[in-house]
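There are 2 protein chains.
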Amino acid sequence: MFKIRTLVTALALLSSISIASAWETLPTSAPAPADNPTTAEKVVLGQMLYHDPRLSSTGTVSCASCHNTMLGGEDNRPNSMGVNGQTGGRSAPTVWNAAFNDVQFWDGRAPTLEAQAAGPVTNAIEMGMKSWDDVVARLKSIEGYQVAFEQAFGKDSISKDNATKAIAAYERTLITPNSPYDQYVSGDKSALTAQQVRGMNKAQELGCTGCHSGPAFNGPGMFHAFPIHSNPVYAAKYHFKNDKGLAEVTKKSEDEHLWKVPTLRNIALTAPYFHNGAVKTLDEAVLVMAKTQLDKDLSQDDVADIVAFLNGLTGEFPKQKMPVLPATPGKTFN
Amino acid sequence: MFKIRTLVTALALLSSISIASAWETLPTSAPAPADNPTTAEKVVLGQMLYHDPRLSSTGTVSCASCHNTMLGGEDNRPNSMGVNGQTGGRSAPTVWNAAFNDVQFWDGRAPTLEAQAAGPVTNAIEMGMKSWDDVVARLKSIEGYQVAFEQAFGKDSISKDNATKAIAAYERTLITPNSPYDQYVSGDKSALTAQQVRGMNKAQELGCTGCHSGPAFNGPGMFHAFPIHSNPVYAAKYHFKNDKGLAEVTKKSEDEHLWKVPTLRNIALTAPYFHNGAVKTLDEAVLVMAKTQLDKDLSQDDVADIVAFLNGLTGEFPKQKMPVLPATPGKTFN
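Going down the list, the protein sequences come from chains A and B.
Its first residue numbered 1, the first sequence is counted upward by one per residue in our numbering.
Its first residue numbered 1, the second sequence is counted upward by one per residue in our numbering.
FYI, nobody ran anything at the bench for these hints, they're computed from the structure.
Please note: incorrect hints may appear among the correct ones.
Once the Cα atoms are required to be at most 16 Å apart in a straight line, the calculated EDC-like pairs of lysine to aspartate or glutamate come out as [as the list claims (entries may be wrong)]:
| no. | chain 1 | residue 1 | chain 2 | residue 2 |
| --- | --- | --- | --- | --- |
| 1 | B | K160 | B | D134 |
| 2 | A | K291 | A | D302 |
| 3 | A | K160 | A | E150 |
| 4 | A | K331 | B | D283 |
| 5 | B | K331 | A | E284 |
| 6 | A | K160 | A | D133 |
| 7 | B | K331 | A | D283 |
| 8 | A | K202 | A | D297 |
| 9 | A | K244 | A | E254 |
None of the values given here were measured: they were computed from a predicted structure.
Input sequences plus hints: build the corresponding full structure.
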C-alpha cells in the first residue's frame with residue numbers, strides 16, 4: 001500500500017513537471033483564497049476602491065494611477081509618482097495577471113493580492129495616508145461605500161480587511177487571455193508569425209523558460225537572483241545592484257538581489273524594464289537578461305526574434321465599465 | 001409687411017425671454033460648432049486622449065486627473081495637482097455639462113471647449129508638455145492613435161487642432177440629465193422634497209437665479225463680478241480678491257474680479273468651492289454667495305433649504321466604457 005501510494009505520488013509529480021515544462025495557455029479565471037471567494041459585489045466595490053484617488057492623502061493618487069487599467073497595468077515610468085510628486089526607487093509592476101503571481105511586489109514581500117493592496121495606501125511617498133484607520137474613517141463617511149460594502153460583505157463591514165479583499169477580488173478579474181501565443185498553443189498555427197515561433201523556440205533553447213514558464217511565464221520558483229553574472233557595462237549603466245531586493249525586507253545576506261520572477265505576459269506594454277525601470281526598451285531588456293542571467297551574447301537577429309515572440313504575449317483586455325465613485329455631497333476631504 | 005415681421009420678431013423675443021426665466025431642464029445633447037460636428041469616432045478618440053496620462057510630461061497627469069469622469073468632473077481639491085506635485089491658484093471646474101458654458105476656464109478666456117482643451121496640456125504646472133508639437137510627435141508615434149485619428153478625421157490627421165476637436169467632441173457627451181430637479185420640472189412633483197421645493201423658491205426670491213438660470217444655471221450673462229459686496233470677514237478668511245479673474249488675462253481694470261458664472265449642476269459633487277477653492281462646504285458657499293452677491297444674511301433654515309435644492313441638481317451620469325489606451329510596444333516616453 002505504501003509503495004503504491006509512493007508510486008502514485010511520484011507519477012503525479014512527474015506528470016506535473018511534464019505539464020510545467022510544456023507551453024501553457026493563460027486561464028480565463030484566477031483562483032481565490034478560501035477566505036475571499038470572488039463575488040460580483042466584491043468586484044464592483046473593488047473596482048471603485050482601486051480607481052478612487054480619495055484613498056490618497058492628496059486626493060490625487062489611486063491604485064490605478066501607477067497600475068493603470070487603461071494601459072499595460074502600470075505607468076510606463078522608471079519609478080512611479082506618488083503624492084506631491086514624490087518618486088521611489090522601483091518600477092510599478094503590472095496589475096494585469098498579478099493574480100497568477102505566487103508573491104507580490106518586486107521583492108515578493110506580500111504573499112497575497114490582499115496583503116499587497118494594503119501597502120501603497122499608507123506608504124508616505126505613494127498614497128500617503130497616515131493610517132488605515134484614517135482610510136476606514138474616510139470610507140465610512142461616504143454613503144455610497146457604506147452601501148457597496150454592505151452588498152459585498154454585510155452590514156457595517158467597512159474595514160481595512162474588507163477593503164483589501166475587495167481590491168484583490170477585482171484584481172483577480174484583470175486577466176488578459178487569448179494572446180497570439182495562447183491561440184498558437186491552442187492549435188491555431190497561424191496566430192504567430194514564423195519569426196515569433198523562432199523567437200519562442202530560441203527563448204526555450206537559451207534557457208529563458210528556466211525561470212519564465214507556466215501560464216504566466218513567472219515560474220517555477222518564487223524568487224531568483226538578478227543579476228547573476230556581473231557585467232561592468234550594465235553595472236555602470238543601470239545600477240541594478242543598488243537595490244538589494246528581498247534582503248531590503250529580510251536583512252539577510254542570503255536574500256541579497258533576490259527578486260520575484262515577473263510575468264512576461266503583456267511585457268511589450270510595460271517599458272521601462274527591471275525593478276528600477278532603468279532599461280528603456282524591450283530589445284535592450286532581452287540583451288541584458290541573456291547576458292546577466294544566462295551569460296550569453298545575443299545577435300541582433302536573436303533579439304528581434306525573441307522580442308517578436310514577446311509581443312505575441314500581449315493578451316485581450318477585458319471590457320470594463322468606468323466606475324462611478326460615490327460622492328460626499330457638499331464637502332470634501334481635501 | 002415690415003410691421004408684421006417686426007411684430008413676429010418682437011413676439012418671438014418676448015417668448016424666448018419668457019422661456020429663459022422659467023425653470024428649464026437640461027438637454028440630453030449639446031450643440032456642436034459647425035466646424036466640429038460630433039461623431040462617434042471623434043468621441044471614442046476624444047475619450048482616449050482625455051484619459052491618457054501620456055499627454056503630460058511625466059506621464060502621470062491626464063485631463064481626467066483634475067476633471068475626473070468617475071467623480072463630479074473635477075478633483076475635490078482647492079487647487080489641482082499637476083506634474084511633479086505642482087499646484088496652481090484655481091480650483092478645477094467640472095467637465096460635466098461644460099458643453100453648456102458660453103465660455104471656458106474660470107476667467108472665461110477660452111471661447112470654446114476646443115480652445116480650452118489646448119491649454120492645460122502645455123501649462124508648465126498642469127500637464128507640462130513643452131509644446132503641442134511635442135504632443136503631436138508623441139501621438140504620431142503611437143500606432144493606435146494613427147488609426148483612431150484616421151477613423152475620426154481621415155488619413156494622416158494627427159494635429160493639435162484635431163486632438164482638441166476630439167476631446168471637445170467627447171466632452172459634449174458628458175451631460176448629466178434627469179436630476180430630481182429635472183424630473184420635478186418635467187411634471188413629477190414627487191421628485192423633489194417639500195424642503196427642496198422651498199429651497200428652489202427661495203433661490204429665485206433671493207435673486208440667485210439672476211445669474212444662475214437657464215438649463216445649466218450658468219447664465220444669462222457670460223461674466224459677473226465676484227465678490228460684489230466687500231465683507232471683511234470673508235476677505236480675511238478666503239482671499240477671493242487675490243485673483244483678479246478676467247483682468248489677469250486682459251490686463252484691463254474694468255475686467256477685475258469678473259468671472260464666468262459657473263454651473264450649479266452637480267454642485268453638491270464639486271466641493272471645495274469658488275475660483276480658489278477656499279470654501280470647504282456647500283453650506284458655507286451658499287452663505288457667502290448670499291452675502292457677497294446679494295448683500296443678504298441667510299438663516300440656517302434658508303441655507304438648509306437652498307442646499308437641499310442644490311442637491312436636487314445632481315444628475316444621472318452616462319454609463320461609460322473604460323477606454324483601452326493604445327500602446328507603444330517595447331518602449332516608453334518616460
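Hints, one by one, checked against the model:
1. K160/B to D134/B: Answer holds: K160/B to D134/B is near 10 Å, not above 16 Å.
2. K291/A to D302/A: With Cα atoms ~13 Å apart, K291/A and D302/A stay inside 16 Å; holds.
3. K160/A to E150/A: holds (14 Å)
4. K331/A to D283/B: Holds: K331/A and D283/B sit about 9 Å apart, inside 16 Å.
5. K331/B to E284/A: holds (10 Å)
6. K160/A to D133/A: Holds, at roughly 8 Å.
7. K331/B to D283/A: The given pair, whose Cα atoms are some 9 Å apart, holds under the 16 Å limit.
8. K202/A to D297/A: Holds, at roughly 13 Å.
9. K244/A to E254/A: Holds, at about 10 Å.
Comparing the model with each earlier hint shows no violations; every hint is respected.
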